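Protein chains in written order, with our numbering: chain A, 12 to 428; chain B, 2 to 244.
Simulated from the structure, these hints should not be mistaken for laboratory data.
Quick caveat: nothing in here was measured; it's all calculated off a predicted structure.
A portion of the hints provided could be inaccurate.
As the list claims (entries may be wrong) - Simulated restraints, written as ranges between beta carbons of each label pair:
1. A:Gly190 <-> B:Asp230: 55 to 63 Å
2. B:Ala132 <-> A:Val198: 37 to 45 Å
3. B:Gly133 <-> A:Ala16: 41 to 49 Å
4. A:Ala16 <-> B:Ala182: 34 to 42 Å
5. B:Ser64 <-> A:Ala223: 47 to 55 Å
6. B:Asp20 <-> A:Ala216: 26 to 34 Å
7. B:Gly186 <-> A:Ala223: 51 to 59 Å
8. A:Gln25 <-> B:Thr136: 18 to 26 Å
9. A:Ala16 <-> B:Ser64: 40 to 48 Å
10. A:Ala255 <-> B:Arg31: 28 to 36 Å
11. B:Cys18 <-> A:Ala223: 19 to 27 Å
12. A:Leu264 <-> B:Ala132: 30 to 38 Å
13. A:Gln25 <-> B:Ser143: 17 to 25 Å
In this text, a Cβ means the ideal position worked out from N, Cα and C, and glycines have one as well.
Each chain is listed here by its residues.
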Amino acid sequence: MSRFAQELRLFLRQRLAVPTLALLALLAAVSVAAGVTEIRRQAETIVRIQPLQAAEEAAVSAWVSRDGDAGNAAYYTFHATWDRPSALAFAALGQRDVAPYVLRVRALALESQIHEGESYNAELALPGRFDWAFVLTFLAPLILIVLLHDLISGEREAGRLQALQAAGGRAGLWTRRAGLRLGLVFVAVAAPFVAGAAVSGAAAAEVLAVLAVASLYLLFWALVCLGVGALGRSSVANGAVLAATWVVLTLVLPALAHIAINSANPVRQGVELTLAQREAVHAGWDKPKDATLTAFFRVHPEWRDTPPVTSGFHWKWYYAFQHLGDLSVADPVRAYRRGLESRDAWTARVGLVLPAVGLQTTLHRMAGTDLAAQLAYQDRIRAFHERLRRFYYPYIFNETPFREGDFAKAPRWEEGD
Amino acid sequence: MPDLTAAEPAIDVRDLCVDRGGTPVLKNLRLSVKAGEVYALLGGNGAGKSTTLAVLMGLLRPSGGSVQVMGLDPATQADAVRRSIAYLPETVALYETLSAYENIAYFLGLSGDRPSRAEMDAALDAAGLQAGARTRRTGGFSKGMRQKVAIAMALLREVPVLLLDEPTTGLDPAAASDFNALVGGLRERGAAVLMVTHDLLGAADCADRIGFLAGGGIVEEVQADDGLDVLALHRRFGEAAAG
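Chain B with its partners taken away, still in its complex shape (with noise of 0.2 Å):
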């Protein structure tokens, strides 16, 4: 894993742009996770917010700018960047045939971990998973118990930098505040989280900063203090959205 000092962001992009099929999708965009922070970027739909994910896990080549997750250039070292971050999909897609433990032993196999049925445990405790669902087939699994496995995946590995993709889309509020909960653990944990959302109130809830994605770069960045008027940030983004 590699060592940053403490001054050094997680995830640095500079003058990040993207274009795809000759259209620019990201343009000069600026952000930065520090470990232990988390950050919530948001944006309409077709901002960017996914891009911005491909782009920092090495499945998509940037047309200009610079990328360093964890001091590592994720289109030249995607392998050891990988290593490095855990990814939660806005659908947690688990392998409906295996049982939660099977689901985490496969998929942290593909890394070369192999996790003890204690450490499982532990994570899936830490991730709040009934222990009676753990040996069960994940087919019946709701979204938030998939995304529970995915969140004991994540710590399991131990990585210092999580990429959330809209990860309370479709979560009823109790369980979006489980999740938001548990997004401050992984704080707690010294990780650097990203997360990119449409759910300004929950990314007010767990995030330290909010960035607004439109146009290509973030328009407005704020720190997500107890003084935040959520309501008058919902009206700028809005504005910011459609104009």
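Excised from the complex, chain A in its bound form (with noise of 0.2 Å):
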């Protein structure tokens, strides 16, 4: 039998080595198969938005279609949009725990219709999903501890040391043993993740990728364990450090990080750029006609020379009031944006520093859950609103009939938008 295979039956045999690195295995399948039941099912809404969608767009196309009116086409068509899961989500939901994956709009104010979405479910919010990163994060750094705090202590305090030396049990045997419970403690947490990047079909680049940074991280834990244990104090105290310095680095400093980072970048909560915009689109109503779409038209000269507003109510100028709503909140929405993006850029350099921090963002960039993730999406859904605009306007403003016909030829939300 190898050294190795005698330290594997050795530890196998320790009283809580199964039940914990059991626990852990347990801990991680549960928070794997959440995940990938959550991810499921956000795949499955997209998937079932698209029928539902049609199927109202044809009793919308039923009744706009009788009088051909641009503008009702354009109030009462939503149009979805979605934001499909990467393959790696389950393992990281981030974002898409608290921020809309499916957003239905309409050739309205935007920014209102975005935002209004950004309601988090605090309780959810406040801990975060119990996912796999959330397992691997700060979970697993306890169970390394657990196996790690007493590797030459136990020795010693169970008179064993001095015979282990002098049989020659020296680096050698403890590289061994603390790579063997690493080693454990390692597949514990990695085998559910790998069966459920199977399941969800992850490329094995990505998956290697992910277990290379959960290594290191575990990495880090284990050379904490050993440093603090060459420090040659009795098992108690050493668990006692470890046990401070992961209630230190995983939950005191990240959380006090956090704190300084949201007061030096102030932001404003999204809700309050909807009301923002929906007071600048409501005022609109008491605003002059000509004086909306004289602004309007500042921006959008192509539409000056359009037969003129002549009836108390024209789509014209409702839209023309609900494009400026736009415009209104286009500066609070770029400082909202940088102040979301300066949040993250800190939180990556506090990453840098404290590998509990570093571990999410990195895990949650890989997913594609991270804000850059959101936020890429919410430009996706801009650049689709656009074009909605650029469809519906010459109807509305041409005053062109918009028949049956002319819902098939409305932009789509597609995979590449």
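Starting from two chains that each stand alone, build the complex the way the hints lay out.
Written as structure tokens, this is what we have:
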């Protein structure tokens, strides 16, 4: 039997070894199952929305086609957009847990449509979802501490240390033992992830990249355990020091950094942007039509020479003040985005010194569930919405009848959007 | 394994000085043990007996003097020295979840040895551990049984030097007598045995020479032959320890 096999047998015979590893594997498996279920639910929602969208469009089409009013077509037609999850999203849900992944937009003022969905579930947002990233970030180090805190001190306290050293067990022995424990913890965490990745259809390179990041994180904690153990204190003292280190590195410092970053980068709530835009849009009802249209033609001169607005209500005027509503919050929206990006950049910097933060940031980026992915989805929505406007405005401003066949010409949200 | 001439001692300690925390523990200690000799090093608590063993195993660096084990310096050639010695602590601590066989395989495996089951049985027979106990987990073993497992390991390793740290403490008289007989057997195999102990009677029973450690050095050394007056020696050692 090889030395490694002997170490494995010795380890597995320890009273708490197998239950501890089994607990970690179970938690990892539960987190992966929960993540896969959530992502599957999101994917199914995205699939389900498409026939519903078609059915609704047919109903609107049947009603609108009777009088061919393009304003009605643009007003009543919702256009579905969605952000399909990546194959790794199950492992690190990130923003997908709190931000919309499906948004139905109309050709009205956009920013309120984007930001009114940002009503976070505070109970979920506070501790974060119990996903694989959570298990790896917070629980796996605890299990490593349990398994490594008494690597040498336990032998000393059991009276075997001198005998082990005299028998030739020195650096190689501790390296073998620490490596074995680290390897088993890695397997307990990684095996459920690999299974989840296989179910989700993740690419091998993506899986390997995540496993490499996970192994580096676990290696960091193993080195911390060995470093504390090398100080020669008792097992109880080692355990206490390592537990305190875990609390500080994974809970206290990240929380303080979060508070500091948020204080240094004040950002308005998304719902405030919604309210600001709504107020601007609603104020449009009370403004003189000429003033609204003049302001609109300043940014869209191509519609200046279309037939003038004469009636009390006209869709041209309505869509003009909707459009101006977006422009009125353009600066706050840019500031909001810069604030979020600044917070994100600072979080990434903090991640360089706090491994728990760095790990979560990296996993969310790899899974496409980070803030950048959320903002990219918003950008795609804005681009799509611009296409909607360009599609509807000729009908509205040229007062062209909108017929049943025109619905089919409307822009469609595609995967590449 | 280093070769020694018959005249060279397996353990050779000359003017050994060790300080611990600025306090001298050993001062110019001199002792030597030849192959096929059992040397009992007696001394009171804190006299430096276990410190001497730690230096011989290369676990502690001396502050002065020279130490040779099988011609090697433990301070600079610790790994080679450890391949030449077997160490029995006062309380032999085995892995309680492993059987006697598995413990032997584990500890010997650390130095690269892989004894067969037959070789282990032969060593355990020589050490006197009952056959029925060998596959049982050692968690339920008595101190005497654990020592037998440790002796079997030493026999299997065929090391030329054995260091025994208070081996009979806590053993009942019959078990202590068995152990002393076992040490005699080690001598017959040509091993150099250094045994630190409080047990003068046991030392007289199995040792060839007895050295008394006090004040950091050997204050008296006697041949443990049949004419040894143990009671008189006990008194002299007591006086030396007190004074």
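Hints, verified against the model:
Remark: the range hint 55 to 63 Å for glycine 190 (chain A) to aspartate 230 (chain B) is upheld by a beta-carbon distance near 58 Å. The hinted range of 37 to 45 Å is satisfied by alanine 132 (chain B) and valine 198 (chain A), whose Cβ atoms lie roughly 38 Å apart. Under the hint 41 to 49 Å, the C-beta atoms of glycine 133 (chain B) and alanine 16 (chain A), about 26 Å apart, miss the expected range. The hinted window of 34 to 42 Å between alanine 16 (chain A) and alanine 182 (chain B) holds, with their beta carbons roughly 36 Å apart.
For serine 64 (chain B) and alanine 223 (chain A), the Cβ-Cβ distance of about 48 Å falls inside the hinted range of 47 to 55 Å, so the restraint holds. Distance hint for aspartate 20 (chain B) and alanine 216 (chain A): a CB-CB separation of about 59 Å, inconsistent with the stated range 26 to 34 Å. Roughly 56 Å separates the CB atoms of glycine 186 (chain B) and alanine 223 (chain A), a value that falls within the hinted 51 to 59 Å. Distance hint for glutamine 25 (chain A) and threonine 136 (chain B): a CB-CB separation of about 19 Å, consistent with the stated range 18 to 26 Å.
For alanine 16 (chain A) paired with serine 64 (chain B), a C-beta distance near 42 Å keeps the hint of 40 to 48 Å intact. As the Cβ distance of alanine 255 (chain A) to arginine 31 (chain B) is approximately 49 Å, the hint placing it in 28 to 36 Å is violated. For the pair cysteine 18 (chain B) and alanine 223 (chain A), the supplied restraint of 19 to 27 Å is violated, since their beta-carbon distance comes to about 52 Å. Checked against the given bound of 30 to 38 Å, the beta carbons of leucine 264 (chain A) and alanine 132 (chain B), roughly 59 Å apart, lie outside it.
Separated by about 23 Å at the C-beta atoms, glutamine 25 (chain A) and serine 143 (chain B) satisfy the suggested range of 17 to 25 Å.
Going down the numbered hints, you'll see the structure goes against 3, 6, 10, 11, 12, while the others check out.
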